[in-house]
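> Numbering-wise (numbering that gives the first Met the number 0), the sequence shown opens with residue 0 and increments by one.
None of these hints come from the bench; they were simulated from the model.
Some hints could be false.
To be verified - Listed below are the simulated DSSO-like cross-link pairs for lysine-lysine, each with C-alpha atoms no more than 27 Å apart in a straight line: (1) Lys44 to Lys17; (2) Lys56 to Lys40; (3) Lys56 to Lys38; (4) Lys18 to Lys56; (5) Lys18 to Lys38; (6) Lys56 to Lys37; (7) Lys56 to Lys17; (8) Lys40 to Lys18; (9) Lys44 to Lys18; (10) Lys17 to Lys40; (11) Lys17 to Lys38; (12) Lys37 to Lys18; (13) Lys44 to Lys56; (14) Lys37 to Lys17.
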Amino acid sequence: MKESRKSEDTELENRWCKKCFSITQQELLDSDLQMTGKKTKFLYKCTSCGTTMRMPKYRGMAESTY
């Protein structure tokens, strides 16, 4: 029997989904990646329709985080 991947360590963000055409919760699939530059794209999966796409992660507002 397969165990579900849904656990406490999954990261969810409210992002735009192209298929749902609205803002939905997106699950970050490759959260172990290191953000090396501002163009780094992470794999997100929509929790309502299941579409996966690569999007840049939200950056902090402080200039020191760039």
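> Hints the structure violates: just list their numbers, smallest first.
Going through the list in order, the structure violates no hint and respects every one.
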